[in-house]
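A.B. asks: Take the sequences, apply the hints, and build the full model.
From first to last, the protein sequence lines stand for chains A and B. First residue of the first sequence: 8, per my numbering; consecutive thereafter. First residue of the second sequence: 8, per my numbering; consecutive thereafter.
Bear in mind the hints are in silico, worked out from the structure with no lab data behind them. Note that this is a predicted model, so its numbers are computed, not measured.
One copy or two, either will do: identical chains are not told apart, so a pair holds if it fits within one copy or between any two.
Derived lysine-lysine pairs resembling DSSO-like cross-links, with alpha carbons at most 30 Å apart:
| hint | residue 1 | residue 2 |
| --- | --- | --- |
| 1 | 13 | 253 |
| 2 | 142 | 66 |
| 3 | 253 | 12 |
| 4 | 66 | 12 |
| 5 | 277 | 213 |
| 6 | 128 | 213 |
| 7 | 277 | 66 |
| 8 | 66 | 41 |
| 9 | 66 | 13 |
Now for the letters of each chain:
2 protein chains.
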Amino acid sequence: MEVRKKHKSFGGESVFASHSSHATSTTMSFSYFKPQEEVDSAIIWLSGLTCTEENFITKAGVQSLLAGTKTMIICPDTSPRGLDIEGADESYDFGSGASFYVNATQAPYRENYQMDDYITKDIVSLIKEEFGIGKISIMGHSMGGHGALVLGLRNPEVFRCISAFSPIVNPMNCDWGKKALKGYLGEDQSSWKEYDACELIKSGKKHDQTILIHQGLADEFYPSQLLTENLEEFCKEAGQELQCQKREGYDHSYYFISTFLNDHIQHHLKYLK
Amino acid sequence: MEVRKKHKSFGGESVFASHSSHATSTTMSFSYFKPQEEVDSAIIWLSGLTCTEENFITKAGVQSLLAGTKTMIICPDTSPRGLDIEGADESYDFGSGASFYVNATQAPYRENYQMDDYITKDIVSLIKEEFGIGKISIMGHSMGGHGALVLGLRNPEVFRCISAFSPIVNPMNCDWGKKALKGYLGEDQSSWKEYDACELIKSGKKHDQTILIHQGLADEFYPSQLLTENLEEFCKEAGQELQCQKREGYDHSYYFISTFLNDHIQHHLKYLK
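C.D. replies: Structure follows, in structure tokens:
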């Protein structure tokens, strides 16, 4: 791990760092906030389309909420970077900044876009080895909310708790998701189901703890890209506990996230203790 | 006032807007946060070099601190924009984003760089007329901390309270300040004294309320550009109450500001009640 920048905040440290990833075969950047106290647990935050490791740590106001706790938060970048892949920098919703947290199977992405492995193996190992932490949970926003749901449901033994802001819950049925899953996983839609929260719930995947979701009702991507109600329906059918908080007037932005972030932090702290 | 973007946050609204300024003869941008409650007072936030009206409202976490109060905060841009002034976009510390909140007397800046008037007249009028608010205070960071000190000390009847993070307190004696004051006000240094907090205090300007300053001791511009101790010395001599909080390990960034922002908000609320 190489620390690039470090800022004292709320007695702890907001840090920008990078490391060499086995999964992506690239140098990956991430940020984290570690409170002053000795930490014993970590939340992984997955960001949305176009974000880097910087957005959440600079805009969400998480530092004040974790100060005084024994929990840190770590925010990986949203895709490998600096690769010379044709077309990977042309659209905001595919390629750079838009990994959708899958293990790609299609050329030319399969060499590096192994973001499922990156999060569930490399980042989890980093948390264990660098910080001595075994208790981990996962949350995210939009595409990162999709990532948190999917990786959390596939690995409930790794992630003690899942929550999401404005998640893409059913990517197989929205434009963003179709474009990404086709591009990374190919035409065969049966492979897409492994990366669709609704399909995972339908197939019997479950998490012991209640999944917490906040969704703004003035969100410009709701419901078309997010399809929140589909997850509610499948969770109900499958008996997966879901607390879906819909909030009048709130949009898709960090202004929304910061407003309800404390609810998510408290939810995670309960299961990380 | 033209609203460009509006985001519900913490029950209130984070808004990006613009208006036509008499002082600068340009359209000026600003942001504000207004809590859900009916407001009766406003804090003006002045940002530092290179900032726009966006930095503070997106990064400081002020919304959570003002939610539930009757006080709004308004964040003007740091200079006129979009002017075709030769050289105004060439350096980070002069011209665009670097007005130093003076009324310029030198061509080609004197036509538009009337930022003292812009803040003390146009923004103050906007607060009164648009929001019906008469109780106003001022705070800022770095160049904006300089602005808050200078405009607050020159207009104690307008601003009920002054505070600053990492302010440039003695611009006549630092490189940033010399460059700016010379460029906007000309070679005659006697005119610079009107825009130097130390010189204002020395000349007898005073504010009835305690001035609150926070300064990080790992700040990369401390003490060379900020000269904090000079203000402490002059305030002591002149009997101006000053609370200067120096904090180990903190730098010049928003991570520092957000950490201590609540102290400043509480200080202002006391005098805005």
